[in-house]
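In this text, residue positions in the sequence shown follow UniProt numbering: the first is 1, and each later residue adds one.
Hints were generated in silico from the structure; no laboratory data involved. None of these values were measured; they are calculated from a predicted model. Take the hints with a grain of salt, since some may be wrong.
Under the rule of at most 35 Å between Cα atoms (straight-line distance), these lysine-lysine pairs were calculated in the DSBU-like manner [unchecked claim]:
{"id": "1", "residue 1": "K152", "residue 2": "K231"}
{"id": "2", "residue 1": "K40", "residue 2": "K152"}
{"id": "3", "residue 1": "K81", "residue 2": "K20"}
{"id": "4", "residue 1": "K138", "residue 2": "K90"}
{"id": "5", "residue 1": "K152", "residue 2": "K134"}
{"id": "6", "residue 1": "K152", "residue 2": "K59"}
{"id": "7", "residue 1": "K134", "residue 2": "K231"}
{"id": "8", "residue 1": "K134", "residue 2": "K59"}
{"id": "9", "residue 1": "K338", "residue 2": "K40"}
{"id": "10", "residue 1": "K62", "residue 2": "K145"}
{"id": "11", "residue 1": "K233", "residue 2": "K307"}
{"id": "12", "residue 1": "K233", "residue 2": "K145"}
{"id": "13", "residue 1": "K271", "residue 2": "K207"}
{"id": "14", "residue 1": "K271", "residue 2": "K367"}
{"id": "15", "residue 1": "K58", "residue 2": "K40"}
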Amino acid sequence: MTFLEERDLEDVLSIREYYKGKTVFITGGSGFMGKVLIEKLLRSCTDLDRIYLLLRSKKGLKPEDRLAQIYSSHCFDRLRKERPGAFESKVYFISGDVSEVGLGLTDEDRTSIVNRTHIIFHAAASVRFDDPLKVAVKLNLRGTKEVIELAKDVRNLESFIHVSTSYSNTNRDPIEEIMYPPHADWRDTLQVCEELDDHTLQVLTPKYLGELPNTYVFTKQLAEHVVYEYKGKLPIVIVRPSIVISSLIEPFPGWIDNFNGPVGISIACGKGILRTIYSSPDIVSDYIPVDVAIKSFIAASWIRGTKELEPTDDIAIYNSCSGGLFNMSINDIVEFGKKIVNIIPFDSMLWTFGTTITTSLFLFNIKVSYFI
Numbered sequence: 001m002t003f004l005e006e007r008d009l010e011d012v013l014s015i016r017e018y019y020k021g022k023t024v025f026i027t028g029g030s031g032f033m034g035k036v037l038i039e040k041l042l043r044s045c046t047d048l049d050r051i052y053l054l055l056r057s058k059k060g061l062k063p064e065d066r067l068a069q070i071y072s073s074h075c076f077d078r079l080r081k082e083r084p085g086a087f088e089s090k091v092y093f094i095s096g097d098v099s100e101v102g103l104g105l106t107d108e109d110r111t112s113i114v115n116r117t118h119i120i121f122h123a124a125a126s127v128r129f130d131d132p133l134k135v136a137v138k139l140n141l142r143g144t145k146e147v148i149e150l151a152k153d154v155r156n157l158e159s160f161i162h163v164s165t166s167y168s169n170t171n172r173d174p175i176e177e178i179m180y181p182p183h184a185d186w187r188d189t190l191q192v193c194e195e196l197d198d199h200t201l202q203v204l205t206p207k208y209l210g211e212l213p214n215t216y217v218f219t220k221q222l223a224e225h226v227v228y229e230y231k232g233k234l235p236i237v238i239v240r241p242s243i244v245i246s247s248l249i250e251p252f253p254g255w256i257d258n259f260n261g262p263v264g265i266s267i268a269c270g271k272g273i274l275r276t277i278y279s280s281p282d283i284v285s286d287y288i289p290v291d292v293a294i295k296s297f298i299a300a301s302w303i304r305g306t307k308e309l310e311p312t313d314d315i316a317i318y319n320s321c322s323g324g325l326f327n328m329s330i331n332d333i334v335e336f337g338k339k340i341v342n343i344i345p346f347d348s349m350l351w352t353f354g355t356t357i358t359t360s361l362f363l364f365n366i367k368v369s370y371f372i
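With the hints as constraints, model all of the structure from the sequences given.
Here you go:
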């Protein structure tokens with residue numbers, strides 16, 4: 001039974017009312033989902049007090065420069081038009097890094113977060129499937145531990161949203177909204193990655209991962225267990241979005257700022273770069289529009305934040321997925337992309353559209369070698 005099923009909603013504040021006067025702390029705010037989360041909060045929860053973004057220096061840009069870079073994104077075009085000045089007056093950067101001990105926070109910044117924050121969204125993560133184990137553990141596992149350590153000190157914490165992934169338990173079918181046993185002990189994993197050299201870890205990684213496909217899935221699964229240890233102690237909710245794709249409606253239809261997932265496949269096929277795909281054409285992945293996923297994050301924080309935390313409370317887990325509502329195979333994606341290219345071709349193309357899907361590794365290697 002969910003939190004909502006247990007309560008009379010007539011006595012519960014609306015989401016907009018709940019966020020009035022609240023301070024929100026966000027990790028991963030510079031990412032794809034982070035931008036949409038910031039935009040949605042500023043545009044729909046107009047009376048929130050402020051948003052703190054954890055930002056590190058990157059590629060020669062200081063945190064304040066990166067904050068300006070974030071706001072320059074087309075994601076905020078609608079916000080600039082409908083609520084001019086909202087971003088500048090309510091969004092503040094906090095210099096720090098999830099990969100550092102203590103998040104790299106100064107004493108002054110940590111005090112500000114501890115004293116003012118009501119809601120935490122932990123969305124920072126490396127989503128690369130080919131990260132070395134040590135890198136993935138540092139960002140996805142230890143980073144989560146450091147955010148939890150901060151959350152333990154926040155005086156008025158009402159909700160902590162941990163953004164995981166529906167694919168954190170790829171060895172399960174179906175994947176239900178429960179906490180599954182861990183593939184390994186997260187403390188042992190941290191210790192191993194801190195003590196062993198890179199070469200030894202590289203050799204041990206396949207054995208460590210076992211049936212899990214990559215270091216991303218492995219570390220995201222263990223990160224769930226880091227936060228799950230605080231059930232009944234911290235107001236945590238775990239949200240597991242599936243493959244996040246371009247927006248359905250907000251901030252405007254079709255917005256995306258990366259080439260991940262089916263969008264990347266469609267673009268590569270449309271430009272004639274991707275000539276062959278090694279896969280079963282009938283494989284169906286689960287996709288969720290970014291704005292739908294973000295609304296589930298915000299709703300989850302409201303559900304948790306409007307209910308008093310009890311020591312016996314379990315941690316709610318929500319799979320933010322399309323499920324049977326939207327099924328699209330790899331072949332469907334390729335064929336759909338072909339139709340779009342015929343109507344609206346790219347302005348620069350390497351070759352004509354001619355992508356094929358094969359289950360033959362031999363044929364795939366020939367096609368890749370000769371670019372046919």
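Is the Cα-Cα distance between K81 and K20 35 Å or less? 22 Å, holds
With the threshold set at 35 Å, check whether the alpha-carbon distance from K62 to K145 stays at or below it. 25 Å, holds
Are K152 and K231 close enough, with their CA atoms no more than 35 Å apart? 12 Å, holds
Below or equal to 35 Å on CA atoms is what counts here, so check K134 against K59. Holds, because 22 Å separates the two Cα atoms, which is no more than 35 Å.
Against the 35 Å threshold, does the CA-CA distance of K152 and K134 hold or violate the hint? 26 Å, holds
Does the alpha-carbon distance linking K233 and K145 stay inside the 35 Å limit? The hint holds at about 15 Å.
Given hint K367 paired with K271 - CA-CA distance at most 35 Å: 17 Å, holds
Given hint K40 paired with K338 - CA-CA distance at most 35 Å: Distance of about 33 Å is within 35 Å: holds.
K271 and K207 were given as a pair; does the straight-line alpha-carbon distance stay at or below 35 Å? Given pair K271, K207 is violated - Cα atoms ~39 Å apart, limit 35 Å.
Can you confirm whether the C-alpha distance between K233 and K307 stays at or below 35 Å? Within the cut-off at roughly 14 Å; holds.
Between K58 and K40, is the straight-line Cα distance small enough, at 35 Å or below? 25 Å, holds
Is the straight-line distance between the alpha-carbon of K134 and that of K231 35 Å or less? Distance ~27 Å between K134 and K231 Cα, so the pair holds.
The structure does not agree with numbered hint 13 stated previously, though it agrees with all others.
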